[in-house]
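Undergrad: Listed below, chain by chain, are the residues.
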Amino acid sequence: MTLLRDLAVQSVQMALVLLLAPLLTGLVRKVKARLLRRVGPPLIQPYRDFRRLLGKESIVATNGSWLFCAVPYLVFALTWVAAALVPTFATGLLFSWSGDLIAIVALLGSGRFFLALAGMDIGTSFGGIGSSREAMIASLAEPAMIMIVFSLALVAGSTQLSAMAVYLLSLQEGLRVTLAMALFALIMVAIAENGRIPVDNPATHLELTMVHEAMVLEYSGRPLALIELAASLKLLLYASLIGCVFVPWGLAPPNSDLRGYAIGLLSYVGKLAVCGIALAAFETSIAKMRVFRVPAFLGAALMLGLLGTLLRFVSGSF
Amino acid sequence: MGIATTLPCIAGLLALSVAAIALARSRAGTWIVYGVSLILSAALLVQGAQALLSGAETSLVLPLGLPWAGAHFLIDPLAAAFQVIVNLGAAGASLYALGYGRHEKEPWRVLPFFPLFLAGMNLVLVADDAFTFLVSWEFMSLASWALVLAHHRDPENRRAAFIYIVMASAGTLALLLAFSLLAGEQGNYAFNFIRIATPGPVTASAVLLLVLIGAGSKAGLVPLHVWLPLAHPAAPSHVSALMSGVMTKVAVYAFIRIIFDLDGLPEPWWGLVVLTAGAASAVWGVLSALMESDLKRVLAYSTIENIGFIFVGLGLALAFHANGLATAAALALVAALLHAFNHAIMKSLLFFGAGAVLTATGERNMEHMGGLIHRMPVTAAAVLTGCAALSALPPLNGFASEWLTLQAILLSPQLPQWGLKILVPACGAMLALAAALAAACFIRVFGVSFLGRPRTANAEGAREVDAWPQAALAAFAFLCVAFGAFPGFATDALSAVTLEFLDVRLPPQADVPWLALVPISAERSSYDGFLILVFIATSASLAALVVWLLGSRATRRAPAWDCGFPDSNPATQYSASSFAQPLRRVFGTTVFQAHDRVVMPPPGSTAPARITVEIRDPVWDYFYAPLAGGISFVAERLNTLQFLTIRSYLTLVFLTLVILLLVVAL
Numbered sequence: 052m053t054l055l056r057d058l059a060v061q062s063v064q065m066a067l068v069l070l071l072a073p074l075l076t077g078l079v080r081k082v083k084a085r086l087l088r089r090v091g092p093p094l095i096q097p098y099r100d101f102r103r104l105l106g107k108e109s110i111v112a113t114n115g116s117w118l119f120c121a122v123p124y125l126v127f128a129l130t131w132v133a134a135a136l137v138p139t140f141a142t143g144l145l146f147s148w149s150g151d152l153i154a155i156v157a158l159l160g161s162g163r164f165f166l167a168l169a170g171m172d173i174g175t176s177f178g179g180i181g182s183s184r185e186a187m188i189a190s191l192a193e194p195a196m197i198m199i200v201f202s203l204a205l206v207a208g209s210t211q212l213s214a215m216a217v218y219l220l221s222l223q224e225g226l227r228v229t230l231a232m233a234l235f236a237l238i239m240v241a242i243a244e245n246g247r248i249p250v251d252n253p254a255t256h257l258e259l260t261m262v263h264e265a266m267v268l269e270y271s272g273r274p275l276a277l278i279e280l281a282a283s284l285k286l287l288l289y290a291s292l293i294g295c296v297f298v299p300w301g302l303a304p305p306n307s308d309l310r311g312y313a314i315g316l317l318s319y320v321g322k323l324a325v326c327g328i329a330l331a332a333f334e335t336s337i338a339k340m341r342v343f344r345v346p347a348f349l350g351a352a353l354m355l356g357l358l359g360t361l362l363r364f365v366s367g368s369f
Numbered sequence: 024m025g026i027a028t029t030l031p032c033i034a035g036l037l038a039l040s041v042a043a044i045a046l047a048r049s050r051a052g053t054w055i056v057y058g059v060s061l062i063l064s065a066a067l068l069v070q071g072a073q074a075l076l077s078g079a080e081t082s083l084v085l086p087l088g089l090p091w092a093g094a095h096f097l098i099d100p101l102a103a104a105f106q107v108i109v110n111l112g113a114a115g116a117s118l119y120a121l122g123y124g125r126h127e128k129e130p131w132r133v134l135p136f137f138p139l140f141l142a143g144m145n146l147v148l149v150a151d152d153a154f155t156f157l158v159s160w161e162f163m164s165l166a167s168w169a170l171v172l173a174h175h176r177d178p179e180n181r182r183a184a185f186i187y188i189v190m191a192s193a194g195t196l197a198l199l200l201a202f203s204l205l206a207g208e209q210g211n212y213a214f215n216f217i218r219i220a221t222p223g224p225v226t227a228s229a230v231l232l233l234v235l236i237g238a239g240s241k242a243g244l245v246p247l248h249v250w251l252p253l254a255h256p257a258a259p260s261h262v263s264a265l266m267s268g269v270m271t272k273v274a275v276y277a278f279i280r281i282i283f284d285l286d287g288l289p290e291p292w293w294g295l296v297v298l299t300a301g302a303a304s305a306v307w308g309v310l311s312a313l314m315e316s317d318l319k320r321v322l323a324y325s326t327i328e329n330i331g332f333i334f335v336g337l338g339l340a341l342a343f344h345a346n347g348l349a350t351a352a353a354l355a356l357v358a359a360l361l362h363a364f365n366h367a368i369m370k371s372l373l374f375f376g377a378g379a380v381l382t383a384t385g386e387r388n389m390e391h392m393g394g395l396i397h398r399m400p401v402t403a404a405a406v407l408t409g410c411a412a413l414s415a416l417p418p419l420n421g422f423a424s425e426w427l428t429l430q431a432i433l434l435s436p437q438l439p440q441w442g443l444k445i446l447v448p449a450c451g452a453m454l455a456l457a458a459a460l461a462a463a464c465f466i467r468v469f470g471v472s473f474l475g476r477p478r479t480a481n482a483e484g485a486r487e488v489d490a491w492p493q494a495a496l497a498a499f500a501f502l503c504v505a506f507g508a509f510p511g512f513a514t515d516a517l518s519a520v521t522l523e524f525l526d527v528r529l530p531p532q533a534d535v536p537w538l539a540l541v542p543i544s545a546e547r548s549s550y551d552g553f554l555i556l557v558f559i560a561t562s563a564s565l566a567a568l569v570v571w572l573l574g575s576r577a578t579r580r581a582p583a584w585d586c587g588f589p590d591s592n593p594a595t596q597y598s599a600s601s602f603a604q605p606l607r608r609v610f611g612t613t614v615f616q617a618h619d620r621v622v623m624p625p626p627g628s629t630a631p632a633r634i635t636v637e638i639r640d641p642v643w644d645y646f647y648a649p650l651a652g653g654i655s656f657v658a659e660r661l662n663t664l665q666f667l668t669i670r671s672y673l674t675l676v677f678l679t680l681v682i683l684l685l686v687v688a689l
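Going down the list, the sequences are from chains R and U.
Quick note: the numbering used here has the first sequence finishing at residue 369, numbered continuously throughout.
Quick note: the numbering used here has the second sequence finishing at residue 689, numbered continuously throughout.
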């Protein structure tokens with residue numbers, strides 16, 4: 052029975068992240084547009100884009116290799132698997148033990164690895180510029196993320212996300228310095244990893260400032276639909292991660308009843324909405340920074356993560 | 024089984040190397056030498072695996088070597104584990120060379136030394152006294168030195184070989200001193216006597232530092248690594264694979280054997296030293312790899328990085344062991360050993376790929392490659408697997424061992440020493456940085472050499488290599504996936520080693536449901552490469568199916584878009600050095616004093632603008648250059664002693680005699 056329920060939770064979660072991901076992207080766009088006093092596209096525009104792209108023919112450059120054609124599916128799969136391992140509305144995921152937070156970070160790293168390769172496959176200069184800058188950003192964002200994982204794992208005594216969420220739910224004391232540092236660092240990393248302002252601009256039309264968009268410049272039609280979906284999934288994943296670790300309230304514990312799941316679901320949607328609105332507000336209030344300012348930004352995240360970890364190592368009580 | 028069957032195989036390799044002198048000039052020589060090497064190393068591989076799985080120890084004393092001591096041999100789980108690593112690499116290299124070796128222009132410079140090199144490495148593993156160990160160690164060093172010199176007409180290779188032999192001699196000297204300290208006043212060099220005698224703390228610490236120099240220079244620890252990126256690429260590619268993938272592991276073996284087995288109980292600060300050296304090597308190696316555009320040299324630098332990972336594992340194991348935290352020490356040791364095994368597979372695979380590219384294009388410089396994925400599909404797929412594995416991407420094998428190392432780091436708040444408490448998280452950050460940079464490095468390797476458009480005519484005309492190298496590439500790529508999906512089998516096999524030195528083992532992974540990896544407990548952390556692999560495959564196929572069912576199916580080939588301005592000149596692609604430019608700017612300016620210099624032509628001139636990148640190696644500038652300068656300064660001063668008159672010489676002899684007599688008299 053438990054097995055069946057966990058399987059159901061797992062399947063619902065996998066479908067849920069897929070369904071909600073474009074909505075979150077749509078929400079961010081809408082709120083941003085409203086903050087800029089534009090009407091903005093409807094909330095469901097990302098779904099429409101997806102359907103439209105799916106129906107279009109795919110144009111592959113003459114010298115595109117099999118890797119170029121396979122990467123969108125691979126990147127989507129890697130991101131989806133990673134998103135399926137992050138507890139969203141309930142902790143009792145059937146397969147959550149098959150990968151801990153380190154594995155989730157590494158799965159996202161795999162996605163980036165292949166996307167950067169796809170950017171170099173056609174042999175254009177824009178693809179190369181995107182891949183090279185993405186590699187530079189990742190080389191600092193990933194260690195920062197690992198340090199965040201370390202500080203969280205040292206607080207919770209586990210690298211399993213479900214165990215972390217359960218532990219942090221049971222935490223009675225007030226704020227912890229390590230957790231606060233980890234939260235700040237995680238937000239910074241999430242901004243960089245998702246290519247949001249100030250690190251990268253997802254809505255840019257100036258090629259020289261693109262990072263993520265430059266890598267996928269050669270994609271069109273169905274592969275582009277998958278890549279866009281994967282990008283939305285990644286944004287959702289980071290929002291879920293922040294929600295699951297830092298505001299775990301509402302998460303349905305394993306073996307809870309339907310009411311518990313309903314509360315979990317509602318609180319999850321609420322957390323996502325808050326994250327989306329906060330992101331949109333943040334993005335409209337800040338200017339994009341120069342590419343070579345990004346290392347300083349991410350270096351700060353890395354130092355925050357390291358400091359949080361060190362505090363835990365040196366003293367158990369922070 | 025055990026030593027009684029292992030030694031004949033090694034003797035067979037030695038005999039083969041003698042026979043190869045005669046065979047080398049005949050047409051069949053390549054077939055016979057590599058074929059027999061393949062059979063013998065496969066036999067040794069099977070024996071090693073059996074000995075490791077059974078956990079049995081077998082020993083033998085032969086009346087060879089020093090007449091009063093004899094040659095002692097022993098196969099214990101540690102030796103068996105490394106026997107597996109060495110001979111897996113050796114079998115792969117032999118298989119690869121069945122095809123690759125036929126392109127060799129002067130096979131007599133390679134064939135006799137190849138089996139000798141294999142025999143030397145195998146003998147180091149089974150040696151059970153210092154004399155046999157050092158003799159085998161020198162066999163290994165000299166045979167590989169001869170192989171580095173195989174293409175000796177290239178002055179760069181001669182320089183590489185010279186630096187290698189100097190560093191190897193210094194390393195052996197350090198090991199010799201370490202063994203003499205361990206042998207103590209009785210001077211008994213058999214390992215079972217050294218094991219019983221417990222050295223004092225000062226002696227033991229001196230031994231650690233000497234071994235760190237001796238084994239560390241062979242493994243490529245920073246700052247003793249300078250020979251490695253020169254010598255490994257200079258050898259023929261299958262030998263490069265052996266040197267980088269396997270010989271560095273023999274050095275790791277020597278370190279473990281002496282420090283964990285012979286040198287008594289470790290002091291807590293030992294871990295600190297080893298950890299620092301490991302973390303520094305990891306970051307230094309990968310940063311250097313990112314600055315380099317010679318494909319084989321990039322791989323050699325990446326070896327330094329991975330050796331750093333292994334030594335961080337070993338340093339953690341030492342720190343835990345010194346504090347009596349046996350379970351944590353076992354985890355760290357298993358992580359190090361598993362990474363040694365995985366790295367042997369991954370690095371051999373990539374050197375095979377580099378050799379295949381070298382055969383197909385005649386190029387080692389990545390800036391002259393491009394588009395090889397279309398011309399060499401099998402090589403490209405295998406190299407892609409290797410690149411992904413070395414970038415520590417799940418679900419491949421490199422990730423499994425790095426994950427274990429990170430898990431071991433997470434156990435270190437238990438350590439009581441403040442130095443370790445502060446250093447270990449910093450090392451964790453360095454490792455994470457190195458892993459992320461490694462991913463960038465291998466995006467660059469694969470993206471520049473295999474993807475894009477061909478940059479030269481050589482790359483344009485590349486042809487896929489023949490069947491033997493393809494078989495070796497495919498087999499090793501399969502191993503990367505297999506040990507990534509089922510790392511539990513490898514960690515279970517390695518538990519015999521932790522039982523031998525630490526008396527504990529990780530929980531048996533064979534009992535864990537779904538063959539997951541659970542180092543401590545399921546609540547704490549678990550990782551299941553197999554399930555992740557299945558999930559990725561299922562979701563990707565599901566996505567493909569849905570897109571196929573719901574989406575349009577039209578696909579058109581068209582010129583590249585490139586924002587409307589595609590340039591047909593392949594030189595407009597991103598090159599290896601332009602890919603590295605952001606990273607060079609972020610890290611290189613401080614570490615390597617890198618700077619780009621742009622030379623613009625004067626106005627009106629049609630000459631092209633030029634950009635040159637200047638990179639300095641601080642290790643060479645601040646450590647080796649002064650050292651070499653000092654040596655030549657002293658040598659020049661002493662040189663005058665050779666041009667004295669006979670009277671002065673007589674005076675010198677007389678003075679020496681008087682001083683010696685005075686010393687004796689006092």
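Simulated from the structure, these hints should not be mistaken for laboratory data.
Where is the CB? At the ideal position from N, CA and C, for every residue including glycine.
Take the hints with a grain of salt, since some may be wrong.
[Said to hold, decoys possible] Some chain R residues judged to face chain U by a derived CB distance under 8 Å, without partners named:
hint	residue
1	124
2	158
3	183
4	209
5	252
6	255
7	341
[As the list claims (entries may be wrong)] What follows is a list of derived Cβ distance ranges for each label pair:
hint	chain 1	residue 1	chain 2	residue 2	range
8	U	661	R	365	34 to 44 Å
9	U	385	R	92	53 to 63 Å
10	R	228	U	644	38 to 48 Å
11	R	337	U	181	54 to 64 Å
12	U	591	R	107	21 to 31 Å
13	R	62	U	644	51 to 61 Å
14	R	228	U	439	17 to 27 Å
15	U	581	R	103	14 to 24 Å
[Unchecked claim] Where chain U lies over chain R, by a calculated footprint (3+ residues, C-beta under 8 Å):
hint	region
16	101-115
17	303-316
Undergrad: Determine for every hint whether it applies to the structure shown.
TA: Against the structure, the hints:
1. 124: holds (5 Å)
2. 158: holds (6 Å)
3. 183: holds (5 Å)
4. 209: holds (5 Å)
5. 252: violated (16 Å)
6. 255: violated (12 Å)
7. 341: violated (12 Å)
8. 661/U - 365/R: 34 to 44 Å: With a Cβ separation near 53 Å, residue 661/U and residue 365/R fall outside 34 to 44 Å, so the hint is violated.
9. 385/U - 92/R: 53 to 63 Å: holds (54 Å)
10. 228/R - 644/U: 38 to 48 Å: holds (42 Å)
11. 337/R - 181/U: 54 to 64 Å: holds (57 Å)
12. 591/U - 107/R: 21 to 31 Å: Given a distance of about 27 Å, which is inside 21 to 31 Å, the answer is holds.
13. 62/R - 644/U: 51 to 61 Å: Given about 60 Å between the Cβ atoms, the range holds.
14. 228/R - 439/U: 17 to 27 Å: holds (23 Å)
15. 581/U - 103/R: 14 to 24 Å: Between residue 581/U and residue 103/R, where Cβ atoms are some 20 Å apart, the hint holds.
16. 101-115: n = 11 at 8 Å, threshold three: holds.
17. 303-316: With 0 residues in contact (Cβ-Cβ under 8 Å with chain U), the coverage given for the region 303-316 of chain R is violated.
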